[in-house]
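Chain residues, written in single-letter form:
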Amino acid sequence: MNNEPIHSLAVEGITKRFPGILACDSISLDVGEHEILAIVGENGAGKTTLMNILMGLYQPDEGKILINGREVHFRTPVDAYATGIGMVHQHFMLVPNLTVAENVLLGMREFQKFLWQDMEGVRKRIREISERYNLPVQPDAYIWQLSVGEQQRVELVKTLCLGARFLILDEPTSALTPQETDDLIALLKRMSSDLSIIFISHKLAEVTALSDRIAILRQGKVVYRGTTSGQSVSNLASLMTGHEVVLPCNECTGGSGETILEIRNLKVRSDRGFFALDGLSLSLQKGEILGLAGVSGNGQRELADALAGLRKVESGSILFRKKELANKSPRSIIEAGIGYIPEDRNEEGIVPPFNVRDNLILKDFRSKHFCKGPFFRFDETRQNAEELQKRFDIRCASLNVAAGSLSGGNIQKVILARELARKPEVLIAVYPTRGLDMGAEEFIHERLLELRSQGTAILLISEELDELLNLSDRIAVIFKGKILATMPTRETSKKKLGLLMAGISGEGAA
Amino acid sequence: MNILTFVVNVLSIGIPFSVALLLASTGEMFNQRAGVFNLGCEGIMSMGAFLAFMPAHLLQNTSLAPYANLIGIAAAIAIGALFGLLFALVTVTFRAPQGIAGIGLHMFGWGVAGTLFRYFVGGVTGVPGLKNLPIPLLSRIPIIGPLLFNLNGLAYAAFILVPASWYILFKTPWGLKVRAVGTYPRAADTMGVNVSRTRYQALVAGGMLAGLAGAYLSLGQAKMFADDIVAGRGFIAVALVYFGRWNPYLILGGSLLFSVAQSFQLAIQVLGIRFPYEFAVMLPYVLVIVVLALTPGSVTRGPAELGKPFDREKRV
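These protein sequence lines are chains A and B, in that order. So for the first sequence, this note's numbering puts the first residue at 1; every next one is plus one. So for the second sequence, this note's numbering puts the first residue at 1001; every next one is plus one.
Just so you know, these hints were derived from the structure itself, not from any lab. Using N, Cα and C, we set each Cβ at its ideal position, and we do this for glycine too. Treat the hints with caution; some may be incorrect.
To be verified - Below, simulated PhoX-like cross-link-like pairs (lysine-lysine); rule was C-alpha separation at most 20 Å, straight line: (1) A:K322 <-> A:K286; (2) A:K323 <-> A:K267; (3) A:K113 <-> B:K1171; (4) A:K480 <-> A:K496; (5) A:K124 <-> B:K1131; (6) A:K286 <-> A:K423.
What the hints assert, rightly or not - On the chain A side, residues computed to face chain B include the following (Cβ under 10 Å): (7) P77; (8) D79; (9) L115; (10) F378.
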């Protein structure tokens, strides 16, 4: 490993094509020592592809990489690590059935002997790094035992153990809770006195809080390069999306007063067997958005599953128009008029290999409208798909492409289109904008507000406080399977919600 | 006949029976840990059995006779390595579907071995095979001695292989790479592990062990060759890997359980108990199915990417 410091890193004219896509279109960028460069762009703008080229995972079709002014060629990630560049990938590159130390060892030749491995050496290196940067990790814990935040720390420690002096972080906050995100940003600020950092994100508030300079990518091209200071979030957002972005707000407050869904004393077990919902009660009124705030893992998944009929209810009841829905089949819940936008859009929201047209009728394929005896009416299904594509601005090459090949935002639009076309009386939306860029977020927020004005009751489960405050009429906070408090949105604040999400209820704190 | 003699009889047949399964499933375990399942195990075993048998058959009355078994075993290992390499080329480099490629390899190995046997040998011919090597002192322990310490060389090697392969898998850098590429090849790739090379190595090693398992069948167990000599053991070996949760010790347990059940059903047939023998023959297979069905599924320990080819430049 050479220890030559990296004073500057530059890419010039990088172009990369994938079948049918120009992912990077002649991109030029540069980063100096101890600098934090933020690379910003919507999903599919080419950020990750560019970074994979920098790490030697993809080979560029054109262009070159310069370190300290000299051209370098990275054939594999080993070459990149050898010059001191390390990357923390958006999807953590940690093998779940190995321990932390084993994951680090995988990349460290000097501790790999022929017939044995120097685990003590690896542990020592991990401890050194974790003390130096104040990143606590347990070397002998298995990855699958760790929370997402802990895995993030392990990724950082691993990359630093491998000798990285130049860090690339690809959307490092996308899976973190708000608290973990704040911690990470503070940490990166501290680390920048020691390292150079490229920070990729589409969350503009984080970018302006952290970076020295900014580069904005759109459709594979650099559309803006400059210093961060003096740039407003809304200005950056319009540069990023190519148009003015105004996230809509819920103007009027209060539902109709008519309760449509009543959850009483619900008890549901988690996958591991304990009560993830422990006597939860909640009621939803016609024409309101009820936001459910909480750090994920406090029972949100189990609540959504139970409401959709995907998880057994141990006790308690779910009353929809005074009719019991607990432990009914998903089909009868769908037919009762409850819509569902699931948390995991690829696993539960669509059938990825099915085409867009078929995914749009996943809940209606039995109806007389779409079939005649055992046969589909293909004209009807096509017409339905074309209408929904127009109404929901689903961008795809054709309605016959596999839904799984679409971008996250478009997959979410397919799901939204399918659910909203059914005119549900109640909609359960679980993290509906997670991982999406601002353009898609804006669109989804508009549709949810529109649905609300038509009288649908929406249960919005989210971790993004801005989203909850913008959209909800009332906000309830879930903590350890119970509702800690429910209040009208105008009577609350980010700070108040943050405390409640951490389990500190108002009276206790005062 | 008292119960003790019956149990000893069952074990004295069952333990040697387990060796071929143990060798083949340990090899398959390395394949699967690296993310590739090889249904061609049975075909490799057929080829191994045939190539191990041939030198013993041809050199029987020549001056080379004392070395015939060693030559045969070496040939079996070599053909196993070659088949492993071929399978790696098809599934790792060309990314062919592993299930289909494995069935192809099985048919190929089985067919070639049978055809060559009919062409060069024709009828049933016995060979001297491997002699038992009693271990001094240990083999004289009552009951346990004859059961465990009076076996042939390959059998000892197979049992020593259990702790050895556990050590290789869990305590060496190579084993670490094998486990990583079978669970999350993309992560291994970003850490500089050569995914393809590691899978090639694991497939060649697994093929060698399958070839050796074949050699054990023809030289150590049957002391002859017939084209159905493997008789489904290659597929049982694949099942035992799942049964053993990709762990050498549990695989040893599975091999012993299956083989003892096999020898138990033979023993009750010999005893002449009024019990339809067709059901007795089914017993070991039913046992495997029942145990497999009852083993709790666990995704946190096994190779999660089993069966999926790796392509670095594929977009995720």
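The hints, checked one at a time:
no.: 1; hint: A:K322 <-> A:K286; in the structure: 14 Å, holds
no.: 2; hint: A:K323 <-> A:K267; in the structure: 18 Å, holds
no.: 3; hint: A:K113 <-> B:K1171; in the structure: 11 Å, holds
no.: 4; hint: A:K480 <-> A:K496; in the structure: 18 Å, holds
no.: 5; hint: A:K124 <-> B:K1131; in the structure: 51 Å, violated
no.: 6; hint: A:K286 <-> A:K423; in the structure: 13 Å, holds
no.: 7; hint: P77; in the structure: 5 Å, holds
no.: 8; hint: D79; in the structure: 9 Å, holds
no.: 9; hint: L115; in the structure: 6 Å, holds
no.: 10; hint: F378; in the structure: 31 Å, violated
When the structure is compared with the earlier hints, violations turn up for hints 5 and 10 and for no others.
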